[in-house]
Structure formats: structure tokens, C-alpha cells
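For the sequence shown, the numbering used here gives the first residue as 1, with consecutive numbering after it.
Since the hints were derived computationally from the structure, they do not count as laboratory data.
For clarity, every value in this text was computed on a predicted model and none was experimentally measured.
C-beta: ideal position from N, C-alpha, C; glycine also.
Don't take every hint at face value.
Claimed, not checked - Quick list of simulated restraints, FRET-style, between CB atoms:
| id | residue 1 | residue 2 | range |
| --- | --- | --- | --- |
| 1 | N97 | K38 | 48 to 56 Å |
| 2 | E99 | S165 | 16 to 24 Å |
| 3 | A177 | L81 | 50 to 58 Å |
| 4 | A204 | S39 | 18 to 26 Å |
| 5 | G40 | Y207 | 55 to 63 Å |
Unchecked claim - Computed cross-link-like contacts, DMTMM-like style, restricted to lysine to aspartate or glutamate with a CA-CA straight-line distance of at most 20 Å:
| id | residue 1 | residue 2 |
| --- | --- | --- |
| 6 | K78 | E197 |
| 7 | K104 | E92 |
| 8 | K189 | E92 |
| 9 | K111 | D93 |
| 10 | K162 | D93 |
| 11 | K162 | E120 |
| 12 | K89 | E197 |
| 13 | K104 | D93 |
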Amino acid sequence: MFRKALVITGALVLATTTLASLPAGAATKVSNGVACSKSGATTKVSGTTYKCAKNALVKNSKLTWLSVDCLKTVTAYKTALVNLPKIQKRTEDTVANLEADIVKQKIEIDKANKLIPEFEAKIAVINTTLATLRADTANLVKNKATIDKYAGAVKSYQAAIKAYSAVAKQGGRSEAARGQALAQYENAKADISSTLEMAKLICAKGY
Numbered sequence: 001m002f003r004k005a006l007v008i009t010g011a012l013v014l015a016t017t018t019l020a021s022l023p024a025g026a027a028t029k030v031s032n033g034v035a036c037s038k039s040g041a042t043t044k045v046s047g048t049t050y051k052c053a054k055n056a057l058v059k060n061s062k063l064t065w066l067s068v069d070c071l072k073t074v075t076a077y078k079t080a081l082v083n084l085p086k087i088q089k090r091t092e093d094t095v096a097n098l099e100a101d102i103v104k105q106k107i108e109i110d111k112a113n114k115l116i117p118e119f120e121a122k123i124a125v126i127n128t129t130l131a132t133l134r135a136d137t138a139n140l141v142k143n144k145a146t147i148d149k150y151a152g153a154v155k156s157y158q159a160a161i162k163a164y165s166a167v168a169k170q171g172g173r174s175e176a177a178r179g180q181a182l183a184q185y186e187n188a189k190a191d192i193s194s195t196l197e198m199a200k201l202i203c204a205k206g207y
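Just need the whole structure built from these sequences, with the hints factored in.
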């Protein structure tokens, strides 16, 4: 019994000595947030590649293992954050130009809203006269010049209506473009927020 106790005691001492002699990192599984010492070093665990780096999302961070996906997402977030003021400036310039166009177009649209009904009324009157002249088949040759004149006037009024209608459509397109420009900027801000949240999730300690 005494000899057996000595064997067990000896085995325990050997085990303790062996564990004490193992490198500190050997007992620690590599994951996000685990301390490391060599910047840029990489390792692979269960198919995930980790790199020894500082987490740009953490103030005064120290070297830790971070998954490559974490680092890529943080980089994407930082890049988007830097680009946001440029996007904002472009958006402001675009919106300012569009709003200037919208003011000019509104003047033309107001004019169109007044003139188009007038032109349509004149076309109706002329068409009535034309119908009468064309019905007088006995005098078609005699009235040809007048008929051509009235028909030309109808075409001119129709062309004017078309032009003013195009102005109205352009005004609508400018309004839509303004809304789209503002929406794109808001989407850029939303993307930054979602990328940040994704980075926090992917870079979570122990992940």
C-alpha cells in the first residue's frame, strides 16, 4: 500500500511539473480577444483564420487574436466612415442643383398649367372651323390655303402643348432625383450603422 501511494504521488508530481513547463498559450484556445504578442502573426482554428492585431473599434486596444472576417468588416466600416462626408458633400451639391432646377421648372409648369387649357380650347375652335371647311367639298380648292393655315395652327398648338407637358414631366423627374439623392445618403448612413453592428458581432470576444 505504501509503495502504491509513492507511485501515485510520483505521478502527480510528474504531471504537475509537465503542466508547469507547458507554454502559457498552449492551454488557451485562440479566439477573438485572446492576447497575442507578434503583430501580423496568423493562425487557423477550426477553419477560421485569426490574425494578431489591434481592434480598431476599441480605444487603446492591445494586440489580440482577431478573425480575418472581423478585421475585414472593421476595415469596411472605417472606410465607409471616411467616405461619408464626401457622400454628404456630393448629395448636398446634387440637391442644391436639383432644387434650383425645380424652382425654374415650377415657373414653367405654372405657365404650362395656364397655357395648355387655352391651347386646347383654341384647337377645339379651329377643328370646328376645319370640319366646316372640309365639309364644303364644292369649295375645297378655294379653301385649301385657309384649311392648310388652320391645320398648321393646330399642329403648332399641339407642339406647344407637348413641349409644356415635357416641362411638367421634367419637374417630376427632378423631384424624384432629389428624393433619390437624399435617400442614397440616408442609406449610406444606415449601411455604416449596420456594418458597425456586424463588426461588433463578428469581433465579439471568444467568437
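These are the hints, each one checked on the structure:
| no. | hint | verdict |
| --- | --- | --- |
| 1 | N97 x K38: 48 to 56 Å | 53 Å, holds |
| 2 | E99 x S165: 16 to 24 Å | 22 Å, holds |
| 3 | A177 x L81: 50 to 58 Å | 26 Å, violated |
| 4 | A204 x S39: 18 to 26 Å | 21 Å, holds |
| 5 | G40 x Y207: 55 to 63 Å | 21 Å, violated |
| 6 | K78 x E197 | 13 Å, holds |
| 7 | K104 x E92 | 19 Å, holds |
| 8 | K189 x E92 | 15 Å, holds |
| 9 | K111 x D93 | 28 Å, violated |
| 10 | K162 x D93 | 31 Å, violated |
| 11 | K162 x E120 | 11 Å, holds |
| 12 | K89 x E197 | 25 Å, violated |
| 13 | K104 x D93 | 17 Å, holds |
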